[in-house]
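Participant: Just so you know, the protein sequences line up as chains A and B, in that order.
Using UniProt numbering, the first residue of the first sequence is number 1, and each one after it goes up by one.
Using UniProt numbering, the first residue of the second sequence is number 1, and each one after it goes up by one.
Don't read these hints as lab results, they were simulated from the structure.
There may be inaccurate statements among the hints.
If chains are identical, the list can't say which one is meant, so a pair holds when it fits in one copy or spans any two.
Stated by the list, open to error - List of simulated lysine to any residue pairs, SDA-like, C-alpha gap at most 25 Å:
(1) LYS96 / LEU157
(2) LYS96 / GLN133
(3) LYS83 / CYS41
(4) LYS124 / ALA168
(5) LYS124 / MET176
There are 2 protein chains.
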Amino acid sequence: MMKCASSTEEKIKDAARKVFLEKGFEGATTRDIAKEAGLNCALMNYYFRSKEKLFATVFEEMLQLFFQGMTTVLHKPISLKEKLVELIEHDFQTFKSNPSLCIFILNELHRAPDHLVNIIQAAKTQAALLFEQQLKEAIDQGIVRPVNTHHVLSLLLSNTQFIFLGKALTMNTWQMNEDDFNTYAEDHKQLITQMIVNFLFIADPEIELRQHGSESAVLSH
Amino acid sequence: MMKCASSTEEKIKDAARKVFLEKGFEGATTRDIAKEAGLNCALMNYYFRSKEKLFATVFEEMLQLFFQGMTTVLHKPISLKEKLVELIEHDFQTFKSNPSLCIFILNELHRAPDHLVNIIQAAKTQAALLFEQQLKEAIDQGIVRPVNTHHVLSLLLSNTQFIFLGKALTMNTWQMNEDDFNTYAEDHKQLITQMIVNFLFIADPEIELRQHGSESAVLSH
DNA sequence: AAATGATTTAAGCAAATGTTTAAATTATAT
DNA sequence: ATATAATTTAAACATTTGCTTAAATCATTT
Numbered sequence: 001m002m003k004c005a006s007s008t009e010e011k012i013k014d015a016a017r018k019v020f021l022e023k024g025f026e027g028a029t030t031r032d033i034a035k036e037a038g039l040n041c042a043l044m045n046y047y048f049r050s051k052e053k054l055f056a057t058v059f060e061e062m063l064q065l066f067f068q069g070m071t072t073v074l075h076k077p078i079s080l081k082e083k084l085v086e087l088i089e090h091d092f093q094t095f096k097s098n099p100s101l102c103i104f105i106l107n108e109l110h111r112a113p114d115h116l117v118n119i120i121q122a123a124k125t126q127a128a129l130l131f132e133q134q135l136k137e138a139i140d141q142g143i144v145r146p147v148n149t150h151h152v153l154s155l156l157l158s159n160t161q162f163i164f165l166g167k168a169l170t171m172n173t174w175q176m177n178e179d180d181f182n183t184y185a186e187d188h189k190q191l192i193t194q195m196i197v198n199f200l201f202i203a204d205p206e207i208e209l210r211q212h213g214s215e216s217a218v219l220s221h
Numbered sequence: 001m002m003k004c005a006s007s008t009e010e011k012i013k014d015a016a017r018k019v020f021l022e023k024g025f026e027g028a029t030t031r032d033i034a035k036e037a038g039l040n041c042a043l044m045n046y047y048f049r050s051k052e053k054l055f056a057t058v059f060e061e062m063l064q065l066f067f068q069g070m071t072t073v074l075h076k077p078i079s080l081k082e083k084l085v086e087l088i089e090h091d092f093q094t095f096k097s098n099p100s101l102c103i104f105i106l107n108e109l110h111r112a113p114d115h116l117v118n119i120i121q122a123a124k125t126q127a128a129l130l131f132e133q134q135l136k137e138a139i140d141q142g143i144v145r146p147v148n149t150h151h152v153l154s155l156l157l158s159n160t161q162f163i164f165l166g167k168a169l170t171m172n173t174w175q176m177n178e179d180d181f182n183t184y185a186e187d188h189k190q191l192i193t194q195m196i197v198n199f200l201f202i203a204d205p206e207i208e209l210r211q212h213g214s215e216s217a218v219l220s221h
């Protein structure tokens, strides 16, 4: 009864993912996807009912993958500071291995806000609240500057996303090749990690001086 | 010989700007634009030769406007710190009054990198070098942490853009109305200004304690 | 092997798209 | 006023689009 359904289905999804990421929803055509998959274009509607449905499937899977990584980090039994560092690391890794992902997600957010909002709402309850609680505790303990969860998440996401959003521009403007860019991205990751941690965590001079040496030395006159 | 060319031309550009901003290049149709302008759709090709050319015109004008503001700030005879603050203020203002502008620009960067790159290259030589020089001087004087110009510009742009890129998501996720969002954006502006300035400028305890009171107080144990 | 149901294909449909055409209208110069 | 050139319009053109159809192919069951 079944020949190799899952195989073709996967081929279509793979092709769709690639083409949608590259050209966006409107920019991609069903024939583009079929060609990329090396399949008849009617198959697209046989397995998924429409371009819209195929897109939604691919999009949700991709977002799922992204959130899964974040959720894993958020659930780890580690300190808030370690969590922040790992979240930044995770985002950098994700977007580095797939630079089109940011603009793809942001585009969908602009095209059909409700779609993304619904997915986020579902994922939110899982682990974000845990993070929020941990942040609040740290604030209560006077370890962290009093700041809204939302602001913190914005800081993380904006600083990790942007570098990859502007990758083409950066490489061109500053005459970089792929290696140069990776070096630059790595530097920037260190920089924003330091900046965000320094900003959020209220420095305990005794400890901070040993941990961050040069950065904090200047504050100890 | 001329009836009211410039008037119709402007009407088309206004309509195109609006529709392109809303739906992007592929998402917008020539008929959408004609309808928005209340004009026959053949006029679009009479004044601009093609959809692509119309888009390029509108896009370049919009980018010009954005850079003009930045250039003005960069040319002001003020300190580096004041410049940073004003740049952040300018970007926030620009994107606040036109939230679609970020995604629009980033989209074009993804769709046709060369287009944007050429424009930027032309604008770059004007005022950015001036900023770079001022930054380097400050670093030499030990006022500012040794950091690349590019990193600084990334910090500015990423933190100002992101909040507006994710506006729809933010408002929905955190149940905000337009006023709430504006308040949040204003808060975030203050926060990132403080964070970036604190990070870049090497604090002179004597002065900093008076300027930033609560933030730096903790560092003075 | 024959029958059945799942999968794949080629062909094409209806609508939409960017663009052109040729005629109609309007403004301007003589 | 009339001729001329600029502007505007309705209609249509050729492609491209998402999607459907109906026949062909393949795998599985009996």
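Participant: For LYS124 vs MET176, is the C-alpha pair at or below 25 Å within one copy, between two copies, both, or neither?
Facilitator: between (38 Å within a copy, 16 Å between copies)
Participant: At 25 Å max between alpha carbons, let me know whether LYS124 reaches ALA168 within a copy, between copies, both or neither.
Facilitator: between (32 Å within a copy, 16 Å between copies)
Participant: Up to 25 Å between alpha-carbons, please classify LYS96 paired with LEU157: within, between, both or neither.
Facilitator: Cα proximity of LYS96 and LEU157: in one copy and across copies (14 Å, 19 Å).
Participant: For LYS96 vs GLN133, is the C-alpha pair at or below 25 Å within one copy, between two copies, both, or neither?
Facilitator: neither (30 Å within a copy, 31 Å between copies)
Participant: Given identical chains, is LYS83 near CYS41, meaning Cα to Cα at most 25 Å, within a copy, between copies, both, or neither?
Facilitator: neither (45 Å within a copy, 55 Å between copies)
Hints 2, 3, counting from the list given before, are not met by this structure.
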